[in-house]
Structure formats: structure tokens, C-alpha cells
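Q: Okay, here's what each chain looks like letter by letter:
Protein chains: 2
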Amino acid sequence: MEQKEQPFGVIGVVGLGLIGGSLGLDLQSLGFKVHGLTHRKETAERAIELELASKISTNPSILTDCSLIILALPIKELLDPTKELLNCLPQKAVITDVGSVKEPILKIWKKLHPRFVASHPMAGTNKSGVESGRRNLFQNRTWVCTPDENTNQNALKLVKLFAEKLGSRWIQADARAHDEAVALISHLPVLISAALLKTVEGNKDQDLFPLLKELASSGFADTTRVGGGNPTLGAAMASSNTNAILKGIKNYQSIINDFEKLIKEENWPDLKEQLNQTKILREEFFSS
Amino acid sequence: MEQKEQPFGVIGVVGLGLIGGSLGLDLQSLGFKVHGLTHRKETAERAIELELASKISTNPSILTDCSLIILALPIKELLDPTKELLNCLPQKAVITDVGSVKEPILKIWKKLHPRFVASHPMAGTNKSGVESGRRNLFQNRTWVCTPDENTNQNALKLVKLFAEKLGSRWIQADARAHDEAVALISHLPVLISAALLKTVEGNKDQDLFPLLKELASSGFADTTRVGGGNPTLGAAMASSNTNAILKGIKNYQSIINDFEKLIKEENWPDLKEQLNQTKILREEFFSS
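So the protein sequences, as listed, match chains A and B. Per the working numbering: the first sequence ends with 288, consecutive numbering throughout. Per the working numbering: the second sequence ends with 288, consecutive numbering throughout.
Chain copies aren't distinguished; within one or between two, either way the pair holds.
No farther apart than 30 Å at their CA atoms in a straight line, the calculated lysine-lysine pairs in the DSSO-like style are these:
1. Lys250 with Lys279
2. Lys272 with Lys76
3. Lys157 with Lys107
4. Lys213 with Lys165
5. Lys92 with Lys55
6. Lys264 with Lys111
7. Lys272 with Lys247
8. Lys204 with Lys279
9. Lys165 with Lys33
If you are wondering where the hints come from, they were derived from the structure by calculation, not from laboratory data.
From just these sequences and the hints, can you work out the full model?
A: In C-alpha cells:
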């Protein structure tokens with residue numbers, strides 16, 4: 001009955017952290033039946049209290065009935081899925097993930113499941129864990145999928161429909177291009193933002209430190225937000241997207257060196273011109 | 001009559017950009033009479049339309065009646081004030097500024113006026129110019145002043161009362177310590193954020209660029225906000241706080257190099273530990 005009315009049938013969500021928990025909340029409020037799988041018993045108990053899914057278990061067999069399964073797992077687990085999980089993924093189900101790198105995940109999963117669709121919702125906060133799920137996380141966010149020539153087209157359509165139900169804007173891209181792009185606009189920002197925090201931390205034992213805390217305002221808060229995010233995710237991004245990130249760091253270092261040179265030379269007109277260009281570029285990215 | 005009821009009498013605001021215009025709007029709504037001085041005729045006309053002050057002129061003589069005058073001018077003009085302006089500042093008036101560097105401004109102005117109080121409201125947006133004034137900009141922001149042993153204590157008290165009227169939290173600090181602190185939490189962020197934008201701009205003519213724009217989300221928006229700000233202000237910060245900024249850049253470069261090394265060595269546990277430390281530090285800065 002259910003499957004006739006709803007294209008997705010029972011939806012499985014593997015992992016009930018920020019992404020998985022938020023998916024569970026939204027999907028239930030859209031009227032879908034959600035089966036949540038989580039590793040640890042304590043997490044399952046808390047997820048039940050928080051009503052993150054209609055049914056929650058630590059036993060992968062909970063996925064047997066599902067026709068669409070979202071792997072909301074850390075990158076590390078996506079790259080090295082357990083046998084127990086793999087054995088419980090129905091061959092007929094559509095499987096998608098939410099990992100922030102796509103080429104290595106697609107490479108592994110295309111061999112593991114015939115109806116796997118690699119995808120990445122561009123949604124996040126600096127929260128993680130079972131307490132962090134929240135409604136409307138995906139609303140108006142970009143949901144990018146990275147199919148290749150072997151991706152099942154019906155499976156792809158289903159995942160698109162799913163993302164749009166959650167209010168996301170759907171785009172398709174090549175997996176490698178996706179990874180290069182997120183290296184620059186997502187992974188590199190984490191590192192440069194964290195490096196700013198480390199620079200300030202260098203004054204931790206100095207007289208200046210209380211004043212730094214007093215004076216830090218919205219500019220510092222914004223610039224350091226992603227550098228104060230989930231350390232496991234940050235390290236996983238770096239380990240799974242290493243080459244693109246190293247290329248980004250190299251270009252970034254050279255620009256910081258240019259800025260340093262302009263300041264040492266007291267070349268204020270050229271520094272101002274550089275800052276003028278960055279102002280224009282940012283307006284191009286965020287026109288509103 | 002007015003001066004008996006209001007400790008400030010007529011308040012002069014010199015410069016009607018983001019800070020000056022916002023001051024004018026708030027002060028008028030608090031019931032104060034505000035005299036606004038601006039350089040250019042076109043700005044004065046627009047400021048009158050926007051009602052940024054009770055009376056607006058391009059003639060410095062408008063300041064003659066004022067008992068408190070806020071110099072809401074760019075750093076460059078604060079460091080090199082015109083004779084016309086100086087001649088119209090009443091000797092009895094209390095004068096304060098809003099410049100984001102304090103040591104060089106205090107050094108100049110302590111010789112120019114007996115009742116000068118160096119101060120810096122930690123409030124800003126990425127807007128500038130006569131159109132950018134807005135209400136409640138100073139609400140719940142820190143307003144730091146940097147008196148020295150010669151600062152007139154009554155003048156200092158008046159500026160404190162003034163900042164608190166606007167809803168700011170008042171703190172006092174040594175001018176040099178202030179400048180070192182803002183180099184780290186305000187000026188360095190502008191440069192590292194701008195460098196991220198320049199890194200992305202390096203792909204402007206590549207196929208990747210449209211995808212970068214598609215995928216850029218809140219993390220990139222936050223990390224690049226201050227790097228897309230006012231170029232004149234950014235260059236002025238660097239030119240007036242050069243040594244502290246260069247010291248910050250040097251430490252920052254060394255941390256970026258450390259991160260690069262960890263990634264090249266694929267030392268994910270240490271990278272994760274570094275990111276864990278920055279997460280803890282950020283929570284210390286922004287606990288709420």
C-alpha cells in the first residue's frame with residue numbers, strides 16, 4: 001500500500017548524527033516511514049527519545065524493508081563499510097550517501113551496489129552527534145550528485161526527487177570536479193580558519209589573551225566558524241581529498257606571501273587593489 | 001536648557017558613513033541633537049534625505065556648538081586631520097574617534113586636543129558609505145577606549161556614558177595592546193579571508209568556476225565575509241598597524257606550513273588533534 005502512494009517506500013537512514021538525524025526529522029514530518037540504523041546502543045536509545053526515526057535499531061536487518069537508503073556516515077566508514085551493513089542492503093533498494101568527497105566513495109561503492117548514487121548535500125553546522133539533528137537543514141541548500149556512465153538512471157531520478165522533497169536545489173557534476181571544487185570552497189576554508197585560531201592560541205599564556213577574548217567580535221566569529229567545527233570530519237576531508245587540498249594550500253600560501261610582500265613594501269595602493277578584487281569576487285558569489 | 005538635561009549637549013558627528021550615519025540615527029532616536037559634518041556636498045544632500053543627523057553641513061563651523069564630537073572618519077583622515085576641522089573643534093568639547101587602530105591615533109591627537117579620548121567601537125558590517133547607516137549597530141557590542149596617563153578623566157567618563165547609552169559594553173585597554181589584539185582578531189582575518197577569495201579567483205577562467213559558485217555555501221560565505229569588505233579600510237588597517245599585522249602573518253604562515261606538512265605526511269591523528277584544539281579554543285571565545 002505504502003509503496004504505491006509514496007515513491008520511496010520505507011526510507012532507511014544509516015547513522016543518526018547531524019545529517020542522518022536531520023533527515024529523519026524532516027522525512028517523518030513529510031509523512032515518510034523512516035528506519036534508523038546506528039552503531040551504538042546509547043545512541044539508539046537517545047535517538048529513540050529524540051524521535052529521529054519511526055523505528056531505530058543497532059541491527060542492520062532493520063534495512064531489509066527499505067527501498068531507499070541514505071548512508072549518513074562519516075567519510076571513513078563510507079570508504080570502508082562493514083560486511084554486516086553491506087549484507088543488509090537490499091539489491092533492489094536505491095542507495096545514496098552524503099559524503100563530502102565523491103570520487104573515492106563512488107569508486108568503491110559502484111562495485112558494491114548496482115543502484116548506488118553518489119551525492120552530497122551542501123548542508124552543515126558546527127554541530128555533530130545524535131543531539132544535533134534539526135528540522136529544515138536541507139531547505140534551499142544545494143544537493144549535488146556525481147553520477148558516472150554506469151549510474152542507474154532510475155536510481156538517480158529517485159534520489160533527485162528525494163532531495164527536492166527536502167527542499168534542496170539539485171545539481172549534477174563530475175565526481176572529480178566536485179572534489180576539486182569542495183577542496184577550495186569547503187575543505188581549504190576549514191584549514192585556513194583553523195590556522196587563524198591556532199595563531200591566536202599562540203598567545204594563550206600571554207597578558208594579551210583576555211583582551212583578545214574581549215575584542216573578538218562578529219568578524220572573528222565568522223572567519224573562525226568552520227575552523228572550530230568537527231575535528232574528525234576535518235581530518236577525514238583532508239585524508240580523502242588530499243591532492244586537491246594540497247594544491248589549494250600551495251596557491252593559498254603564495255597569495256599570503258604576496259600580501260606579506262605588499263605590506264612589507266608599504267605598497268598600499270596595490271594592497272587596496274587586491275582587496276577591491278576580492279570584494280568584487282565575493283559579491284559575484286553572494287550577490288544577495 | 002538642553003545641556004542641563006542632557007550631559008552631552010549638542011553632539012557632533014564628523015563623517016556620515018557606516019559608523020557616523022549609524023551613530024546619527026541612534027542618537028536622534030535617543031532624543032539628542034546631532035550635528036553632522038561631511039566632506040562632499042552630494043553626501044550631505046543624501047544624508048539630509050536619510051535624516052542621519054538633525055543638522056548637516058559641509059562646513060566645519062557646524063561643530064562650534066557641540067560639547068561632544070565623534071570623529072567617525074577613515075583612519076587615514078584621523079592620522080592627518082585637516083586644519084579646517086581642527087580649527088572648528090571647541091577646546092571645551094570632548095573629542096573621541098572610532099578608528100580601529102589606537103596607538104598612532106592617540107599619539108597624534110593627544111597633542112591636538114586637551115580633551116581627546118581614543119576609542120574604538122567593535123561594530124561593523126561589510127557595508128560602507130552614506131547609505132550604510134543603520135539603527136542599533138552598537139547594541140551589545142564592545143566599545144573599547146585606550147586612555148593614557150594624560151587622558152582627561154572627565155572626558156573619559158563622558159565618552160563611557162555615551163557608549164553605554166548606545167547599548168555598548170565599555171572596556172579600557174592599553175593602546176598598544178589594543179592594536180596587537182585587533183591585528184590578530186580583526187586585521188589578520190581580513191587578509192586571510194581575502195587570500196581565500198584570491199585562491200578561488202585563480203580558477204576564474206577554468207571550467208571549474210561555475211561549479212565553485214554552485215557549491216559555495218554558508219561555510220565559504222562566513223569565511224570570506226571580512227575578506228570581501230571595504231578595501232580602503234583593509235588597506236588603512238594594514239598601513240596603520242603594520243608591525244603587529246606582519247607578526248601575525250608570520251605566525252600564521254608557520255601554522256599553515258605545519259598543516260601542509262601533516263597532510264603531506266598523511267598524519268591524520270595529529271591533524272585531527274590540531275583541529276580538536278581549535279574547536280576547543282573557539283568554544284572558549286564564543287561559548288554561546
